[in-house]
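Undergrad: The residues making up each chain are set out below.
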Amino acid sequence: MRWTWSILAACVFSITLHASDVVVLEDIQISIADSYTGTAFFVVDSREESSAWKKVDFSIGMDYLSMNVYQILPGLGESVMEARYGDFRESWLIHPSRFQATRSKRFANTLTDAGEVDLSPMPILRMLLNRMDQLEIKEMDIEKTSEGTNGLVTLQISDATGMSPGYSEIDVVDGRIVEYRANKIKDKFMVIVEYGEWVQLPCGEHVPTLNVSKVRPTDSDGNMIIQTVQIKDIAENEASYRPEKPQITPDLTIIDHIDGVTKIDGEVIAPIQYGDQSASSQATSSADSGRKASELFVWLGVGFVVLAGIILGIRTKAARG
Amino acid sequence: MIGRVFRNLLLWGIGMIWALAGVSKLLGPFLSSDANPQPTWASSFPNGLTVSIAILECVIALLIFARFRWTPLIAGSVLLSAFLVALWIWPMDYQQPCGCFGKIEIFHTIDPVSKIIVFGGLNTLTCPHILYHSLC
Numbered sequence: 107m108r109w110t111w112s113i114l115a116a117c118v119f120s121i122t123l124h125a126s127d128v129v130v131l132e133d134i135q136i137s138i139a140d141s142y143t144g145t146a147f148f149v150v151d152s153r154e155e156s157s158a159w160k161k162v163d164f165s166i167g168m169d170y171l172s173m174n175v176y177q178i179l180p181g182l183g184e185s186v187m188e189a190r191y192g193d194f195r196e197s198w199l200i201h202p203s204r205f206q207a208t209r210s211k212r213f214a215n216t217l218t219d220a221g222e223v224d225l226s227p228m229p230i231l232r233m234l235l236n237r238m239d240q241l242e243i244k245e246m247d248i249e250k251t252s253e254g255t256n257g258l259v260t261l262q263i264s265d266a267t268g269m270s271p272g273y274s275e276i277d278v279v280d281g282r283i284v285e286y287r288a289n290k291i292k293d294k295f296m297v298i299v300e301y302g303e304w305v306q307l308p309c310g311e312h313v314p315t316l317n318v319s320k321v322r323p324t325d326s327d328g329n330m331i332i333q334t335v336q337i338k339d340i341a342e343n344e345a346s347y348r349p350e351k352p353q354i355t356p357d358l359t360i361i362d363h364i365d366g367v368t369k370i371d372g373e374v375i376a377p378i379q380y381g382d383q384s385a386s387s388q389a390t391s392s393a394d395s396g397r398k399a400s401e402l403f404v405w406l407g408v409g410f411v412v413l414a415g416i417i418l419g420i421r422t423k424a425a426r427g
Numbered sequence: 244m245i246g247r248v249f250r251n252l253l254l255w256g257i258g259m260i261w262a263l264a265g266v267s268k269l270l271g272p273f274l275s276s277d278a279n280p281q282p283t284w285a286s287s288f289p290n291g292l293t294v295s296i297a298i299l300e301c302v303i304a305l306l307i308f309a310r311f312r313w314t315p316l317i318a319g320s321v322l323l324s325a326f327l328v329a330l331w332i333w334p335m336d337y338q339q340p341c342g343c344f345g346k347i348e349i350f351h352t353i354d355p356v357s358k359i360i361v362f363g364g365l366n367t368l369t370c371p372h373i374l375y376h377s378l379c
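Chains as they are written, first to last, in our numbering: chain A, 107 to 427; chain B, 244 to 379.
Hint data in this document are derived by calculation from the structure and do not stem from the laboratory.
There's no promise every hint is true.
[Said to hold, decoys possible] Here are some chain A residues the structure puts well away from chain B; computed CB gaps all over 12 Å: (1) ASP151; (2) ARG204; (3) GLY415.
[Claimed, not checked] In silico DSS-like pairs for lysine-lysine, Cα to Cα no more than 25 Å straight-line: (4) B:LYS346 <-> A:LYS398; (5) A:LYS211 <-> A:LYS292; (6) B:LYS346 <-> A:LYS369; (7) A:LYS320 <-> A:LYS292; (8) A:LYS292 <-> A:LYS244; (9) A:LYS398 <-> A:LYS211.
Backbone N, C-alpha and C define an ideal beta-carbon position, used for all residues, glycine too.
Only chain A is shown next, with the shape it has when bound in the complex (with noise of 0.2 Å):
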């Protein structure tokens, strides 16, 4: 089955080009198979391909995704990090190692889930889609040739999307999306992820198949954190296909965003305590201030170690004068 995303099919906005001229979104044309199931592989920095340290086998759709993540352990197999799951109902998160299961509404407030647009630009579809009255084009430069729509696209996004909020750019090379840039701060974009070695499935649309997603620390002006994504068994999905959900054992202890409950073997325990809505800015303003004491905390390492060295020598001297 073949899918091709008009760009909003729906939308009346206009904007405008380096030309001045005034065109409607529609223009553009992006187009990716609607659903399909794969293995990735992450790989950091440019280490060897057999170095990749997760594995997620996922399912990506437009309207649900699902991910079983794995830490590989060379020696020791495979073990289970988490399953996420989730579509316009509800969301699933399971940490089989915590015996904890988390539903929420995540999927359907954000569209997407952590991780998937390192695995797939089918995100910035749905926000596309779905969310064009919290984006604002900013400028659009394209043009169409016979292969498809290229150019960019710049998109001020609000945080209401669940994409990173901001300015952002889409880079679109024959109707694809080969480049996402996202959420700018001081003339740097903090997540940069770039698609790549597009094949083409059975039904005559593409995927890519080797991800580059780069990261920057939110305090630090240094260098990103460069992640390989190598996809693999790629195989697209019939229409009426949907992923199951995960299982939910009776071992795991369910906190329900939905209902606000607390759930053990389907037993209610108790209303869900939220902490501190102020925790995460805490987070980010205690960043600064953990990378100082990082430092401070490998000096003071390396002077124990000195004053081991200094200490031994003067003995040593002492043992023999």
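Assemble the complex: chain A is given as a structure, and chain B must be docked to it using the hints.
TA: For chain B alone, coordinates are given in the frame of chain A:
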């Protein structure tokens, strides 16, 4: 006399840190958790491995309290080195809590590698050929 008190305080401090690391990991599942848990780096490893490390940390603490010197020092150094290797192979997500002390948040804003370096330095200072005999 003062040197001996300082040495003993240092050793007890190091022993207490090992004990806290071990006991907090063992008691972790029994401690209450908040509504929005953030998975720690340690929690991504199999439970059996975490429990084994916690027991080893407790044993190191007991050996220090029992006034063994070389054995806990070597075991501690090996364990800290293993943590460094593991952090290199399986790096933490950005601003992810490490889980070194289970659910107890102590020095949680500090990079775990920095914590390992300072703790390794302290362990080195208590080496029998360095601070231990020097302050006797």
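Undergrad: All the hints need checking, so say for each whether the structure fits it.
TA: Hint check:
no.: 1; hint: ASP151; in the structure: violated (9 Å)
no.: 2; hint: ARG204; in the structure: violated (6 Å)
no.: 3; hint: GLY415; in the structure: violated (9 Å)
no.: 4; hint: B:LYS346 <-> A:LYS398; in the structure: holds (23 Å)
no.: 5; hint: A:LYS211 <-> A:LYS292; in the structure: violated (32 Å)
no.: 6; hint: B:LYS346 <-> A:LYS369; in the structure: holds (21 Å)
no.: 7; hint: A:LYS320 <-> A:LYS292; in the structure: holds (17 Å)
no.: 8; hint: A:LYS292 <-> A:LYS244; in the structure: holds (17 Å)
no.: 9; hint: A:LYS398 <-> A:LYS211; in the structure: violated (37 Å)
Comparing the model with each earlier hint shows violations of hints 1, 2, 3, 5, 9; every other hint is respected.
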